[in-house]
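Q: In case you want the letters, here they are:
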Amino acid sequence: MTSKENSPQRTISLPALVREKISQYSWQELVIENLIRLAGVSAILIIALIFFFLLREGSAAFLDVPLRQLFGGRWYPIEELYGFWPLIVGSFLVTVGAVVISVPLGLLTAVYLGEIAPSWQREILKPLIEVLAGIPSIVLGFLGWVVLAPLIQRLGAPTGLTAFTGSLILAYMALPTIISITEDALYAVPKEYRDGSLALGATQWQTIWRVVLPAARSGIVVAIMLGIGRAIGETMAVLMVTGNAAHVPELGLGAFFQPVRTMTATIAAEMGEVASGSLHYSVLFGIGIVLFLITFGINSLASRLVGGNGRRRRRGQL
Amino acid sequence: MKRQQTQKMAVALITAVAAIVIIPIFLVIAFIVLRGLSALSWEFLTQPPQDGMTEGGIAPALLGTVYLTLGTAIAAMPIGIGAAIYLAEYASENRLTRIIRLAIVNLAGIPSIVYGLFGLGAFVLFLNYGTSILAGSLTLGLMTLPVVISTAEEAISTVPQEFRVVSLSLGATRWQTIRHQVLPHAVPGIITGVILGLGRAAGETAPILFTVAAFYLPNLPKSIFDQTMALPYHLFVISTQVPGMPLSVQYGTALVLLLLVLSLTLIATIIRTSVRRRRQW
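Listed in order, the protein sequences are those of chains C and F.
Counting from 1, position 263 in the first sequence corresponds to residue 263 in my numbering; the numbering is continuous, with no gaps.
Counting from 1, position 51 in the second sequence corresponds to residue 51 in my numbering; the numbering is continuous, with no gaps.
One or more of the hints may lead you astray.
Derived DSS-like pairs: lysine-lysine, alpha-carbon spacing no greater than 25 Å straight-line [unchecked claim]:
hint	chain 1	residue 1	chain 2	residue 2
1	F	K8	C	K126
2	C	K126	C	K191
3	F	K222	C	K191
So the derived label-pair ranges between C-beta atoms look like this [what the hints assert, rightly or not]:
hint	chain 1	residue 1	chain 2	residue 2	range
4	C	Q153	F	V242	17 to 25 Å
5	F	R98	C	A188	32 to 40 Å
6	F	N128	C	A269	38 to 46 Å
7	F	N128	C	P66	32 to 40 Å
8	F	R95	C	L305	12 to 20 Å
9	F	A12	C	G201	46 to 54 Å
10	C	L81	F	F126	38 to 46 Å
11	F	L220	C	P118	33 to 41 Å
12	F	V166	C	W209	42 to 50 Å
13	C	P118	F	F225	49 to 57 Å
Since the hints were made in silico from the structure, they are not lab data.
Beta carbons: idealized from backbone N, C-alpha and C, even for Gly.
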């Protein structure tokens with residue numbers, strides 16, 4: 001009975017308290033919510049700023065160096081010859097090598113993790129692959145430099161510091177990306193597809209090869225593209241193991257076993273020695289612009305292929 | 001039964017490939033641990049390099065990396081968590097949100113050396129911070145942002161919708177709901193994301209090459225406007241730029257860097273799994 005008597009008092013005091021709270025919060029809230037909105041669009045601002053500053057420092061490269069020279073085959077900064085071609089070829093060779101090695105390895109490992117491995121193995125192997133993703137590139141580059149390169153030289157190459165050495169290291173660096181995205185794609189294939197296929201008498205392998213992989217193909221394409229993006233942008237490991245020779249190797253398979261120099265390695269190796277504002281400085285930023293545009297293209301295309309579906313699906317699960 | 005044979009062969013092949021991928025991970029870690037362990041000592045961690053870096057320890061580089069990692073956290077957390085709150089709680093599925101997501105994907109894809117160029121152009125030269133801890137931390141912070149945003153957003157979205165509905169129905173405002181009902185439950189997930197991002201930042205070399213890293217400094221940095229040595233760059237220097245460097249010191253440095261980075265990853269993983277286990281919804 002006492003509680004009933006008390007209740008009118010409460011209904012009077014509560015709204016007052018709430019009103020006080022609200023007025024106290026309203027301006028704070030306005031500030032905070034606007035800050036959050038600002039943080040929300042920050043990613044767009046940052047991308048724009050990065051591109052702006054690359055252009056600001058690097059556009060001179062495209063204006064002051066004759067285009068024929070810029071895309072020519074000679075990179076001799078000492079003689080003021082800035083041809084991107086050897087660097088582009090270097091990046092291309094190393095990346096292609098890395099993709100050829102890492103894509104089959106990555107896809108099959110993802111299939112193993114997603115379709116074949118018992119769950120206790122999955123519990124161990126998945127964190128292990130995260131560990132691989134976590135190993136700093138400089139550590140892998142160091143191992144490539146002191147262990148892998150001498151090994152390759154002993155196999156008969158004139159030097160161990162080749163495009164192929166870089167590709168091997170890059171392949172392992174791209175693997176975690178390829179594996180985890182492929183695995184997501186496999187996971188997104190409805191279980192009914194597999195059940196239906198198995199019920200029709202197909203073997204597990206036939207199901208994987210004919211049903212699961214085709215159903216997951218857009219995700220797999222994205223995995224490969226992001227793997228390429230990862231490989232193209234890698235710097236330190238490549239700087240250490242590819243031999244740093246800025247020349248266009250003779251075409252053919254032998255090209256992989258010659259020293260090359262990538263776009264990224266060139267920036268890292270030479271930026272420390274140039275005067276800011278010089279033409280050489282601008283040209284190095286110009287390489288940065290090329291790298292930015294390549295990775296921007298790859299990532300935009302990849303996220304278009306995913307089409308927001310991945311996100312929405314993940315959200316839908318929650 | 002040809003297809004049964006194909007099945008067996010395919011499974012064998014796939015298993016073999018998985019082994020080819022996974023065994024080298026063990027080998028890499030085991031190799032560095034075995035070779036580096038002999039160099040490891042208390043002096044190695046607490047003494048500066050001596051005799052043209054061939055003797056002594058790695059203390060200034062180690063400390064520099066700790067500073068940079070803290071600076072990265074300070075730079076990346078406010079924007080990263082703010083953006084995550086925006087995406088999880090405020091953004092509707094419209095054009096702007098799609099552009100934001102596209103921008104985040106692209107931020108994650110920009111090569112680290114390009115971040116280094118940006119840091120040089122924007123922080124070192126334009127804002128005139130010079131080659132400094134401040135410029136390096138800001139550069140690394142921006143690079144870490146995508147990891148922080150996406151993991152924090154995931155953590156916030158995992159808080160059940162009912163929590164928000166109940167809070168709002170009791171008269172709380174949107175921000176009160178986020179602040180008192182949503183974020184407390186998302187904190188462990190957010191911390192996981194931040195630590196994961198820091199683990200990556202701590203091991204990066206390319207972004208700090210032109211923004212902060214010093215080849216060799218006899219003194220420790222005194223303010224955020226000073227240069228500092230950093231562990232990843234130190235490893236690069238002693239393995240490629242200094243002739244006659246004892247291998248054990250190189251392996252020792254690689255081991256310390258690896259342990260530092262992997263322990264951050266490990267801490268993040270432990271927080272994540274323990275929280276998942278304790279979650280009550």
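Q: Determine for every hint whether it applies to the structure shown.
A: Right, here's what the structure says about each hint:
{"no.": "1", "hint": "F/K8 with C/K126", "in the structure": "holds, 24 Å"}
{"no.": "2", "hint": "C/K126 with C/K191", "in the structure": "holds, 21 Å"}
{"no.": "3", "hint": "F/K222 with C/K191", "in the structure": "violated, 59 Å"}
{"no.": "4", "hint": "C/Q153 with F/V242: 17 to 25 Å", "in the structure": "holds, 22 Å"}
{"no.": "5", "hint": "F/R98 with C/A188: 32 to 40 Å", "in the structure": "violated, 20 Å"}
{"no.": "6", "hint": "F/N128 with C/A269: 38 to 46 Å", "in the structure": "violated, 26 Å"}
{"no.": "7", "hint": "F/N128 with C/P66: 32 to 40 Å", "in the structure": "holds, 33 Å"}
{"no.": "8", "hint": "F/R95 with C/L305: 12 to 20 Å", "in the structure": "holds, 19 Å"}
{"no.": "9", "hint": "F/A12 with C/G201: 46 to 54 Å", "in the structure": "violated, 22 Å"}
{"no.": "10", "hint": "C/L81 with F/F126: 38 to 46 Å", "in the structure": "violated, 29 Å"}
{"no.": "11", "hint": "F/L220 with C/P118: 33 to 41 Å", "in the structure": "violated, 51 Å"}
{"no.": "12", "hint": "F/V166 with C/W209: 42 to 50 Å", "in the structure": "holds, 49 Å"}
{"no.": "13", "hint": "C/P118 with F/F225: 49 to 57 Å", "in the structure": "holds, 55 Å"}
The structure shown violates the earlier hints numbered 3, 5, 6, 9, 10 and 11.
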